[in-house]
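Q: With chain G fixed as given, assemble chain A onto it according to the hints.
If you read the sequences in order, they're chains G and A. Our numbering runs 8 ahead of the 1-based position in the first sequence. Our numbering runs 53 ahead of the 1-based position in the second sequence.
Note that these hints are calculated values from the structure, not bench results. Note that this is a predicted model, so its numbers are computed, not measured. It is possible that part of the hints are untrue.
Label-pair distances were calculated between CB atoms; the ranges are [stated by the list, open to error]:
id	chain 1	residue 1	chain 2	residue 2	range
1	G	S22	A	N175	49 to 59 Å
2	A	G110	G	A186	30 to 40 Å
3	G	R321	A	G123	24 to 34 Å
4	A	P149	G	R321	26 to 36 Å
5	G	L316	A	P149	18 to 28 Å
6	G	Q323	A	D195	35 to 45 Å
7	A	F93	G	T172	14 to 24 Å
From the three backbone atoms N, C-alpha and C, an ideal C-beta is built for every residue, glycine too.
Given next are the chains, with one letter for each unit.
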Amino acid sequence: MSHQPTITDNLQLSADSKLPQILFGIGIIGLLISAYGYFADANQFFFSYLVSFTFFTGIAIASVFMVMFHHITKSKWGVVIRRIPETFGANLGVWAFFAIPILLGIHNLYHWSHEDAVAADKILKGKSAYLNTPFFIIRQILYFVIWGFVGHKLYKASIDMDITGDWGISSLMRRISAPAIPLFGLSIAFASFDWLMSLDPHWFSTMFGVYFFAISFQSFWAVMILMVFFLQRNGYLKNTIGKVHVYDMGAWLFAFTVFYAYIAFAQFLLIYYANLPEETLWFYHRLEGSWKFIAYGLLLLRFTLPFLVLLNREQKHDRKILTYVSILVLIMHFLEIYWIAMPTLSAHGIHFSWIDFSTLIGLGGIFFGMFFQRFKQNSMIPEKDPKLGACLEKSYHQ
Amino acid sequence: MEQRNLYGILAEFDNPKELIDISKEVVELGYDKFDTYSPFPIHGIDKAMKLKKSKLGWIVLGHGILGFCGALAMMYFMSVIDYPLNIGGKPFFNVPAWVPVTFELTILLSAFGTVFGMFFLNGLPRFNHPLFNIERFKNSTDDKFFICIEASDSKFHTDIVLDLFKNAGASYIEEVYE
Numbered sequence: 009m010s011h012q013p014t015i016t017d018n019l020q021l022s023a024d025s026k027l028p029q030i031l032f033g034i035g036i037i038g039l040l041i042s043a044y045g046y047f048a049d050a051n052q053f054f055f056s057y058l059v060s061f062t063f064f065t066g067i068a069i070a071s072v073f074m075v076m077f078h079h080i081t082k083s084k085w086g087v088v089i090r091r092i093p094e095t096f097g098a099n100l101g102v103w104a105f106f107a108i109p110i111l112l113g114i115h116n117l118y119h120w121s122h123e124d125a126v127a128a129d130k131i132l133k134g135k136s137a138y139l140n141t142p143f144f145i146i147r148q149i150l151y152f153v154i155w156g157f158v159g160h161k162l163y164k165a166s167i168d169m170d171i172t173g174d175w176g177i178s179s180l181m182r183r184i185s186a187p188a189i190p191l192f193g194l195s196i197a198f199a200s201f202d203w204l205m206s207l208d209p210h211w212f213s214t215m216f217g218v219y220f221f222a223i224s225f226q227s228f229w230a231v232m233i234l235m236v237f238f239l240q241r242n243g244y245l246k247n248t249i250g251k252v253h254v255y256d257m258g259a260w261l262f263a264f265t266v267f268y269a270y271i272a273f274a275q276f277l278l279i280y281y282a283n284l285p286e287e288t289l290w291f292y293h294r295l296e297g298s299w300k301f302i303a304y305g306l307l308l309l310r311f312t313l314p315f316l317v318l319l320n321r322e323q324k325h326d327r328k329i330l331t332y333v334s335i336l337v338l339i340m341h342f343l344e345i346y347w348i349a350m351p352t353l354s355a356h357g358i359h360f361s362w363i364d365f366s367t368l369i370g371l372g373g374i375f376f377g378m379f380f381q382r383f384k385q386n387s388m389i390p391e392k393d394p395k396l397g398a399c400l401e402k403s404y405h406q
Numbered sequence: 054m055e056q057r058n059l060y061g062i063l064a065e066f067d068n069p070k071e072l073i074d075i076s077k078e079v080v081e082l083g084y085d086k087f088d089t090y091s092p093f094p095i096h097g098i099d100k101a102m103k104l105k106k107s108k109l110g111w112i113v114l115g116h117g118i119l120g121f122c123g124a125l126a127m128m129y130f131m132s133v134i135d136y137p138l139n140i141g142g143k144p145f146f147n148v149p150a151w152v153p154v155t156f157e158l159t160i161l162l163s164a165f166g167t168v169f170g171m172f173f174l175n176g177l178p179r180f181n182h183p184l185f186n187i188e189r190f191k192n193s194t195d196d197k198f199f200i201c202i203e204a205s206d207s208k209f210h211t212d213i214v215l216d217l218f219k220n221a222g223a224s225y226i227e228e229v230y231e
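Next comes chain G alone, as it looks inside the complex:
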């Protein structure tokens, strides 16, 4: 066995850190205010909740993807940052609890859940084998069983390696990841069909699953970058996560900015060009009225600006630029989900409600509270990973 790499940093978030409690407090207050919104305007509440819920769930699923890609390619580059996505993924099982309001609001959200509406509509009748309430609920359970199980397994294996130092666990991680990647690919696609695409049950896009993955994965890297900078500002991992690791994350963000634009545009172009009524209508609503400002805003601020700013190699590890770009990407990610979901509720134009923000803050507080609660229980990096030494030795090459 080779020597254990020496790490000078403190790897333990202090046990009496009040961060989780503060975040839980913010989350609970946010959700209580949102609950008041439910009595004020139930439709608005459920739509706002759905937008915030998909915002955070997508990021958590994307983090499990990243961990699995990392294992299956036997990567070295990201060992020092791997514990962060592992922790996000480990919470997915508990996070299922927050899918319950969507099931409760199924009649407010989904037109296809009204049986009389389906009976009167030939197209919906044809889709009713898939789009019906019992099957919808079964699918939600299935998704969270898969995500929760895989997320927990990968986290557990990583923690076990911290304790036992058994390098054989690496191959266990690969054995979990290999079959789980296609399972995740399918489940994230069907989940996005269920949550967002079926809001307009007449519309369909075969690319929607990839599209949801692309937007989630891009914003996942924004979250990673901000999380690493947040930890380093508080004095953690300062010498462990170096310039080269920050550069890698910047390069990922850049790559998935391009991937996002490619997928989002490919979806739009085919529908625009074919110009078939049942497909075009969805974009028609979203390029009319004030919704078009978000649509063009996405083009400019979610792709063009980050692309041009991150194009230069030096800027992919510039902390200030990465911070601003990440914040911008996250704002645009929220607006994009908002732009996908909300025109169903208010077709005439953007109509922000305070409930949009209270659900975002509420679920965000819980999401990150759960993250830090788990994060402080264990080391911030997989200390005994066999590839940790190689990851630490990696140097930024001019």
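A: Here is chain A on its own, set in the frame of chain G:
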């Protein structure tokens, strides 16, 4: 024997470490017209030689912008000015439909810029190089490491350079003529 111009002085070393050390020394002494030759890329040699960042990126960017603007201009001329066709009632100035072609031409010209820009910056193509006159230089593709200070360097002086290489422990030194 006919009079030939001195191109530079070539020195052979046995391992990459020595090549990095001599590169650092040569840079410190203020030479800037010199180059190193090795059978494989040596990690850190560019730092030792104080090489400037390649300008290739800017050439590629220029070509990319040219491809982007050229593609849009071409399609604008063809489908708005020269031969407007009504396709499914869509506008003549149909930007979404032009994106794939614009993208492809941007990539194509960037790729040309990369390959031919690299040739240009390397001074290629050329038929011969003075270093090929040296029989032992063939080992630079096998197991030997070479450095050559060119005679056109303002600090170049035959005796000083010969001494420098001798003291650095070069296994072989030769003056290179054009």
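Q: Now, for every hint given, state plainly whether the structure supports it.
A: Against the structure, the hints come out as follows:
At roughly 55 Å, the beta-carbon separation of S22(G) and N175(A) lies within the given 49 to 59 Å, and the hint holds. Look at G110(A) against A186(G): about 38 Å separates their beta carbons, and that is inside 30 to 40 Å. Distance hint check for R321(G) and G123(A): the Cβ-Cβ separation is about 26 Å, which falls inside the suggested range of 24 to 34 Å. Checked against the hint of 26 to 36 Å, the C-beta distance between P149(A) and R321(G) comes to roughly 31 Å, which is consistent with it.
Between L316(G) and P149(A) the CB atoms are about 20 Å apart, so this pair conforms to the stated range of 18 to 28 Å. Distance hint check: the CB atoms of Q323(G) and D195(A) are about 41 Å apart, consistent with the given range 35 to 45 Å. The hinted range of 14 to 24 Å is not satisfied by F93(A) and T172(G), whose Cβ atoms lie roughly 40 Å apart.
Checked against the numbered hints given earlier, the structure breaks only hint 7 and satisfies all the rest.
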